[in-house]
Every structure is written in structure tokens, then in C-alpha cells.
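Peer 1: Here are the chains, one letter per residue:
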Amino acid sequence: MSGSIQDTFFEECEELLEATDEGLTAIEGGDHDPETVNAIFRAVHSIKGGAGAFGLDDLVAFAHRFETVFDEVRAGRMELDGKLIQLLLRSSDQLSALVEVARDGGEIDEAHNDTLLAALDEYIPEEEEDLTFEPMGLGAPAPVADLGIVPEAPAEPQEETYRIRFQPLKEMYGTGNEPFFLFQALKDMGDLTVKLDENELPGFDAMDMSESYLAWDITLVTKDSRSMVEAVFEFVEGLCELSIDGEGDAEAEANALAALDAMFSTPDAPPAPPAADAAEGEAPAVPFEPPVPAPEPEAKPAPAEEKASAPKAESGKQEQRGGPKPTLRVELERVDRLINAVGELIINHSMLAQQIANLDVSDTRDVETELEGFKNLARDIQEGVMAIRAQPVKPLFQRMARIVREASAATGKTCKLVNVGENTEVDKTVIERLSDPLTHILRNAVDHGVEKPEDREAAGKSKVGEIQLSASHRSGSVCIEIKDDGAGVNRPRVKQIAIEKGLIPENAELTDGEIDNLLFAPGFSTAKEVSNLSGRGVGMDVVKNAVTGLGGRINISSTPGKGSTFTIILPLTLAVMDGMVVSVADQTMVVPITSIVETMRGSDDMINSLGADGTLLSIRGNFVPICDVAGSLGLYRESDQQAGVYLLVETETGQRCALAVDDIHDQRQVVIKSLDGVCGEIAGVAAATILGDGKIAMILDPESIIAASPTAAAFDTERRMSNAS
Amino acid sequence: MKTKVLAIDDSRTIRNLLAATLEEAGFEYHCAVDGREGVDMYPDVDPDVVITDINMPNLDGFGVIEELRGTGINSKVPILVLTTESAPELKSRARGAGATGWITKPFDDASLIFALKRVTGAAA
Amino acid sequence: MQAEAKQTDQEVKHAEHSEFVSFTVAGQAFCLKITQIREIRRWSPVTILPHAPADVLGVMNLRGAVIPIYDLSARFGLQQTEASERNVVIVVSVHGKPVGLLAESVSEIISINPDDIQDTPPVDSRNTMEYIQGIISHDDTMVRIINLDAVISAPEQVMP
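Residue numbers (this note's numbering), protein chains in the order written: chain A, 1 to 725; chain B, 1001 to 1124; chain C, 2001 to 2160.
It is worth saying that the hints were derived from the structure and are not from the lab.
Just so we're clear, the structure is a prediction, and the values are computed from it rather than from any experiment.
It is possible that some hints are incorrect.
Unchecked claim - In silico DSSO-like links for lysine-lysine, alpha-carbon gap of 30 Å or less: (1) 463/A - 2097/C; (2) 195/A - 1076/B; (3) 1076/B - 170/A; (4) 562/A - 394/A; (5) 695/A - 1076/B.
What the hints assert, rightly or not - Pair ranges (Cβ atoms, derived): (6) 1070/B - 111/A: 35 to 41 Å; (7) 472/A - 2147/C: 53 to 59 Å; (8) 2118/C - 586/A: 42 to 48 Å; (9) 586/A - 2034/C: 32 to 38 Å.
For glycine and all other residues, C-beta sits at the position ideal for the given N, C-alpha and C.
Bound conformation, chain A alone:
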């Protein structure tokens, strides 16, 4: 149970951190709405509150400091200048980092944390600095803090008799406190005797209905500590005359109570109702038993059962009030089950269509019309279900602003991130898996793309580098662009590094585009070449792998002096994809459309042998190595059919390769079925799908097919050589 509550907490933290960031960014942009400040304060406050509940002390401490500073701002005692905003933005980043550590484990950057805490401290006025966050720091015995062990007393406590004199002031009745309940709480602690003292009760005529005339003398025999007895009266301190005398102790305790008393200046309470039981006649000292008529403040309203309308589904209405459309929280698994079912429906449709086509019926037009309707409905449902998984990229993009800030701070550059198309919706998993590649590209952009401020000035640019992160839908795909206005790819340098690393021959002649794409080559970037910021031992090849792992492609274009643009094209969803259905060695297979550049039927004169068993396909004068898919997959053709159709695909290094298949059937949407748990990883195969005839078809992974094909891989190198000569 508490696990799931903690999950809720982390989820909520994400939202609160977003709100904080959004608010701070708005303020940075000149927003002076006090509600913006309030919203940030509440968000940080909520993080603190939740963190406290889970004992996340570092988070509590940091949130508290943040909140304290912000409270000064909120109260109008402090000006939110640019410097403070920057500090708060960085603090908000740190808050995120602390949340992440609390959730995922890991190390807190103590030094960084301390630096920020110290910086925040400078904004906290002297007298408030000691206001540490402790539960019930009442100075005197902290009753609530002791209550963790209520009602069990510590080991072997001595039984003690307390004589308590309790006389409510009239103010107490305005606060909803009732003596009866206090007695009941005392009764739970031991033997209780309560004696009503009504000596001060005036004659009926002289009675002031708003006065309090009653007092009680209480004797409690309990093993509980004195502080626990005091804790019972915590809420009425200052609202009553109270004395608690232990048998053995008459000393310093009173001081503590006096201290408590002093803390609450007697408030101006609203007119108190008369003590309901004031007229109850004589009250002898009777052993206190609960069924004594409870002094109910008012006649109880009608029973609750009739008013069962009280809403309980909080999550639903929660969003309602905030303004945005009502939403529903659904377990992801339920959505995925639905997606699976819709996948079946689509498969079912194609099976049905195929079987109808096979029927020996002269006129199938009517059926086909209906079938078309079925298809459209299935697609509508599928799109609807996919939309459930779709989420705006906004939170992801907002996190990226943080990355750019950190990277800028670390490199001494000034960059701002401009987000475009934040509301573009992308599949949840895609968003999750985009985080790392985007982080890397952005760090890279700050580190290598954007120039130092002085260099920018010299180049006639604004000192502040601008990185634009945009998302848009583009013909059934999602397009993410990262565009900086920096110096662009340093091509001579990149080429030199590639030569040093042995990635290309020394005399290779590459186009500008080919040089730019060398950035994605495995082994291009190493610690020596990149600074410790974007380095971290991974290169852009990892980025490329992550993107292709999502069924996407990444490209870079660059203009010297003007900047670079990374373009990532991703499928809208991971559950279905557009594939080209081909046959290979009598098996039907599917090749993802995204990886295919071009398809063509080959004729003999297009094929050129090279070396012992290598072949090159000549396309408009360019030679591209041929990779026989059947051979690469270890399949053998039974019939004498030849691989006569070529799918031109791009390899990781941006080189092209022609996949030879037997035939192309059609292009269609297929449902992706994971092979996880069915078999281990198969080289060349990404997943499976179910075709219209109910048969399973492998979905191929062109990259790994080429990697598994010795000839094509060899040619890849050879081509570079031939390029070089």
C-alpha cells in the first residue's frame, strides 16, 4: 500500500516540479502574477510535505530551504531579481535531482547540494535561519513527536497517578474542542476518575450563555509518560486553565507548560456556545465510563446514508477544478491490453478480407464495401487507443531546459533553449526512451555547437546561444528537431579525428553530409575528444542506436558558422508500424518502411561482381553492396527462385546497402508482436507480426541483417576504400 502511495508521490513530484519550472520560467519571462509565485510555493511545499511522509530527509531539507526563500518573495519582502531567479531555477533542478535519487537511488552530489543550500541561505533573513523543519518543535516536551509509540508506553514504565485540574476558558468552545473527548482519550491511558466542579456555576438568571463555568478534577493512573498526558491537552493549551500534578514530580514541568501557554496569545474566538451539559445537575465523582451523555455540540444532522452522494473518485474530479479537461487515470496495462485486442482486430480484418477474396463468389462488391467499413472502424479504434498512450512532449522538453542550463553552467556558456511544439503528442514509451538521446544531443550542442560568448560576439552573433527544440507531426511520423545557432560541424576536424581513429582511410573523399554523419559512427567520440560534460564515455552512435531502436532515423545537417540541426524521425507508435511485405526463401517477412530508401527490381546488367563472392548493385551510376537477406538469415531457397528485388536501405554509418529479397508483395500496417520470451534474440529479426492468413511473419531489422552479412559488411569498408582511391 505504502509502495503505491510512494509511487503516487513521485508521480506527483513530477507534476509539481513541472509546475515549479513552468512558473519560474514564466517569472523569468516577466510574469508578475502573485498567483504564479503562490503556485510555485505550494508546489515546493507539497513536495516537502510528501517527502517528509516518506522520510526523504535530503529532499525535505532542500525543499524547506527553497520554500523559505520563496516565502520571503511571496510575502513581498524580497525582490525576485535575475540572480535569484537563476538560483531558484538551479535549485529547482536540484530538487528534481533529489527526487530522482530518492526514486531511483544513486548518489547525491553533496558538494553541489551544499553550494546551493548555502546560496539559498544568503536570502534567508537571520531570525528565520533556525527555523528548521522538525515535527512539533514546540520547545518544551514535544508531545506529538512522542506519539509514535502511543498508546504503548516504553518498556517497564512505572504506574503513576496524575491529578489534573482542567477548566476550559470560554474561548475553547469556539474551537470545536470538547472536554468529553479529551477525557475519553485519557481513559485509554489508564484508570480515570472525573469529577465535575460546578461551584462556579451561577444561578440560572445570572448565567451568561457565552461564559464557561465548569471545571473538572481528574485523577488518572497510568503508565504513560507525563508528556503523553500533556499531549492529550495539546490542542487546548492556552484555552484552559490546566494543571497536571504527578505524584512524584512537582518541579520543572510547570515551566514547560508555561512556555506552551506563552506561545498562544489568547485568540479572539468567536462567541462560544454555552456548555451543553452545564445544567446537568450534580456530578459526583464517578468512575468515568464512555456512555456518559456526550456533550454534542449541536443536534446531529440527518444520517449520512441518505447522502451517499459524497464523491470519492478523487482523481477524476481533481483535474476538473484546475481548469483543464477532466481526465481519467488508467493503469497502463489496461491500455496495453486494449491495444493488443485492437491489434487482433486489425489482423482479423485482413484474414477476413483474404478469405473473402479466396471465396468462389461472383459478386463480392457488397461484402467488400462492408469490409472497407470494418477496416476504417478498426483503424479509428486503433488510432483512438493509440491516442490514449500518446502524451505531449512538454514535460520531456521542460526537463531538457534543465539539461541546457546545467550544461551551460558547466561550460561557462550562455544558452537558452526554445521549445516549439510542446503539445505534440507522442507515444509514452517513445517519450520515455527519447530522454537519453535528447539529453546527449543537447549537451553536445552546448558543449560543441554553441561557441563561447566572446567568440560569438566576434562572429557578430548574440552572446546568448539559442538552441531550438521542436516537435511536430509529419505525415504519420513524429519529427523532433534540435537546432543550434552555433558554429556548425567542424568538418576538417571531424574528418581528421575519423582518420586518426581509423574510421576512414587517410585519403578518403567524403561529401559534407558524409562527414557530418561520421559523428554517428561507432567509436568516433572518446573521452579524449569530448569534454567531461557531453562525454560520459558514450558517443553519438549511442544516440543513433537509441533512435533506430525506436524504429526511427536520425540525421544531421550543418552550415559552417550558422549551426547544426539534428532531425529525428520517429514512428507515432510502437505497437503497429508500416511495413513492406516481402518474401525471402519462401518465407513471408516484413521490412520496416522507415528504413527503406528505395525499392527496385534488378536486372542482370545492374549486378557487378567484385572479388570472389561480392556483388555490387549499380544504381544510376552508384555502386551499392548487395546483401542477400536469405543468406544473412541462414535460410536456403528450395525453389530456384532468385533474389531479384532490391530494397535500398541506409546503414548506421550512413552508407547504403541493397537488401536482396525474392519478391515484394505489398505495403501495409502490421501489428508488432515481441519475440521476448518466445526465443532469444535473433540476429536480423526485430520482432514478429501476424499476417492476414494467420501466419506469423518475421519483422526484419535491416541494420543487423547487414551486420550479419559478411559480404555486405566487407563491402561497406571496401566502398570507403574505393571512395578513397
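Fit chains B and C to the given chain A structure using the hints.
Peer 2: The following block gives chains B and C in isolation, referenced to the frame of chain A:
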């Protein structure tokens, strides 16, 4: 009959924590996500006790107390304030508005139940 | 008293009888507990898994799920089965996942008294010792009881 609690807090985490503890302890739990909603819900829920956060959008905890105790509703139910602060002036202010008591966050199950007990007499 | 006790004894014995489905693989009789079997289907061509070992025939569509099909004969180190429409696929559940096993044909359901199960006599092949849980004589034929968990290890390990 179960003791009815109306909890008002804008933090989902805190609401969930309260719900878990209170429902397990046998209270009837209702909640509102901000002060305005809490006050709006009050007549329908007709709780035996109200627990309210201080910092909330739309209407803060002091506002909740003032409205509940005000002439419009004129509620006499115990109201417990949830606060992360041990700062006495906050409590004093809450009490001045008519709060019955307070629960300091972070709270554990025992202190929450104990606080409820002292103002409603209910162990559950 | 004694007679009564004896009868109870018998009842207990009877209650312990388990039903097994017997089938032939490469001419030999095998059986699986009926509770281990989800369904039995007629063989239809499967989709080949590239680079798969010889005893993995491929994958089949079982109501929308992709399930692997093993050639039991090859798994037992016997000759590979030339699968045809006469053959059957026995769908079993191993480690919570459905798996298909190709067998020549299904014979019958037999009731086995656990006391009648004999340990596998030691033979040279270690595989055999692992895969066969015990043997039983039924209608004068030796029926081998398959140790399913040993035959189909966890799916991840099936293919190197």
C-alpha cells in the same frame, strides 16, 4: 456508524496517505482537492471532523476554517489543520480562525489517529 | 475393521491415479500428464525462426500469441521429424508460457497409478536421463513419462 472525515489537501500524496491510514482505521474518508471544493462539499459530506491543509489553491486552509465557522455554515465540527510548520504563529492563527487542533506533517498513523481521537472521541 | 481400512486404502490409491496422454515420437511411446496439456492441434506449417537450432521448428500463431514449436524427436536426440498433416502439436504450458511440441500422433488417455511408475534405468545418454522422469508399462508397451521442465528450459535459454 463510522466517523466521517473530510480531508482537504491539494497534494495527492497526502490525500492518499490520509485515505490509507483512515480507511484502514475504519473511518469514512472523503476528500477535496482544494479549499473551495472542501467548503462546497461540506454540506453534502456532513463530516464529523475536517482535516485541512493550509497552503492550497483557490481557498487556503484559513479560508476554509473561516467559511466553515462563519455565519453561512456555522459549523461546530472539529477542524484539524495539517501543517508542515512547527511555527507557533501558524497554529495561533489557525486557532484564531477557529481550528480545533493541528497535525504536523509528516505524521505517522498513530499521531493522526490520536489527534482525531482527541477531537472526536473516535478511535475509528 | 480391517476390511474397512483396506477399502479406504484402496480409495486413497484410486484417488491418486493420474491421467496421462500418451503419444508417439519417432516410433517410441511417451506421455505427459493431462493437466500439463493445454490443447492438441493438427500440424500446420510454421514460420521458420532464422538461425534456430534443429529442434526448434519455428513459431506458430495461437490465437494471436506467438508460440515456439519444438520437434520433440530432435530434442530427444532422435531423428528430425518430417512434419506433415498427420502429425500433431501438443500445446503445453512451461514456465507460464505456451509452447508447442511436435509429436507423430496422439495415442490415448491412460490412467496411471503413481506406484507403478518405475525410475528410468540408467542409460548412457545423459539427455535421456534428464528428459525422462520415469517409465511405465501399459498394454505391454513401455511408455516414457516426459519431464517437461527439463525438456523445455526457460524460454530465454532455449536459443543461444
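Peer 1: Which numbered hints turn out to be false for this structure?
Peer 2: 1, 5 and 6
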